[in-house]
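Number of protein chains: 2
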Amino acid sequence: MGYRIGMDVGGTNIVAGIFDADGKLLRRSKTRTVKSSSNELLEQLASLCKELLTVEQISEELLISVGIGLPGFINKETGLVTAANLPFNDIPVAERLNVLIGVPVTVENDVKMIVYGESLKGAGKAYSHVLGITLGTGMSSAWVTNGSLHGGAGGLAGEIGHIAFADIPYVCGCGMTGCLETVVSASGVARQARDGLAAGWVGLLADRFPSELRDELTSKDVWQAYMDGDAFAGQVFQRTASWLSRVIIPSVALLSPDVIIVGGGVAAAGDVFFEPLRAYVSENLHPLYRERLLIVPTLLGEDSGIYGSAEYAARQRIA
Amino acid sequence: MGYRIGMDVGGTNIVAGIFDADGKLLRRSKTRTVKSSSNELLEQLASLCKELLTVEQISEELLISVGIGLPGFINKETGLVTAANLPFNDIPVAERLNVLIGVPVTVENDVKMIVYGESLKGAGKAYSHVLGITLGTGMSSAWVTNGSLHGGAGGLAGEIGHIAFADIPYVCGCGMTGCLETVVSASGVARQARDGLAAGWVGLLADRFPSELRDELTSKDVWQAYMDGDAFAGQVFQRTASWLSRVIIPSVALLSPDVIIVGGGVAAAGDVFFEPLRAYVSENLHPLYRERLLIVPTLLGEDSGIYGSAEYAARQRIA
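Protein sequence lines, in the order shown, are assigned to chains A and B. Following the working numbering, the numbering of the first sequence begins with 1 at its first residue and continues without gaps. Following the working numbering, the numbering of the second sequence begins with 1 at its first residue and continues without gaps.
Looking at chain A on its own, in the form it has when it is part of the complex:
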């Protein structure tokens, strides 16, 4: 029962943490992601591990596992990783890092690791059946039941951002039109606001983002405008909640989760997003579900992913 490291490798930053055998976080670091080449990124991950060990004065032999969460697809048969926002295109990340670090490495999708972390140590800690949804650049989900992370056929469970609806007009990166993720994600919130401004909304958001600045508008700006009193900005979050409820409602009926945890940029908006979301879900489900269902934000902030990946990798070793 030694120490374990977890890393959440994003397109912008890497969060890394070292945990003791009881799962207590001893130290964390946050660094810009090196994206020049796969080799350099792998070297960066290895040296982040070594730094954590050095600073905590833990000898390498006491490290039992390293877990990595990253925004990509991991082929379970070949171990090859492909991630659009990282320099990984069919790279055997776990194998390569294992050589560099000398410790078994487990690589998983970042959203799965975030939800796994929240289910064990965060907002899902007290519950058996946890559905997690993240709304960041994209939108996806993970399902943890009795401590076990569900992968599904081909490891493909969780692509809820790519459900198409006829009344969503946007073309998605995946090639389909109408994917939920084109509106329900941080980028989707910004897109909705830009479209509204183009259609002639007036108010704070319009004053702050004249047409020449409009491409820079983010979901945070929409939230800030709402906080400062812009009515249109509030409507964007309400409409996003309504769209999201289209996938949450069937999920509840299908699986009866104890809790649905929503994370990512959109969830940071708080009540203006969660209150209409809870209302839409309640109104359209069998009364039996209404009293018990919880829909809450993540608890561990940027650290959900390192809690998840550290523990996930350690359990692979112990099992």
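Since the list can't tell identical chains apart, any single copy or any two copies may satisfy a pair.
In silico SDA-like links for lysine to any residue, alpha-carbon gap of 20 angstroms or less:
1. Lys76 with Glu291
2. Lys76 with Arg292
3. Lys35 with Leu100
4. Lys76 with Ser128
5. Lys125 with Asn146
6. Lys76 with Asn146
7. Lys125 with Ala153
8. Lys76 with Arg96
What the hints contain is simulated information worked out from the structure, not anything from laboratory work. Since we're looking at a predicted model, the values are computed, not measured.
Following the hints, position chain B against chain A.
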């Protein structure tokens, strides 16, 4: 490793079967359900068990378990069973039958047992992740992953018939308006056809069901009219498939099942129902899912439930 009995207790008929230790069905029976009182129904179930043993010349000591599937809600904490179409209202069915038969009895929801049976011995036999949906009087689902039946918080997983949509105008038995089950179920198919006839459809169905006979129209009649060439009848199944796809699409993205098994009266319609269903689901999901996903009818006919309940009860004993 002795013999086990499974029973599927419906509002009209009871199917019962006795299986050997390898799960082979030795004998089955089908009988009208006695609905006069809970005592008389319990006596009937006990004597059906004894008959199967007698006819197969198996001594009572070699029977290890009895599994019952029934259309109702089973409180896991108290063991009390409530079933609208059976004379059970807060009756401790397992406990009472155990006294009558002298063997451990397990009671579960009938749809869960049907899907469990199909997942082990029927259309899901070759797969790890099986979603089953039944479209009979009502509509519900069950999820079996790696041989384990999912219950969810409060044992409430599977009430997919009670997801409400704004464009479904009917009031449901549960009190909500717009529940999927009001249109996607055998009763829903009949309702859609009756409504169409009231709105002036012409053709075979209209000829066969003048207004004074319209209340007797069933989903089977709609199917027969389609087979005989009635275009409106075919449209009813296509529309039903389209409505059903609204819950199947998010389910696939969420869980990535290997196979979705659809049973009950509506599924008996065959291609006129399954072909548009597969098309709607494919069109609105990420391309990754399209190639691998199977949507198929049940394989075991009326016996899915007895395969499921016999095996489910036996595993509770062995575990």
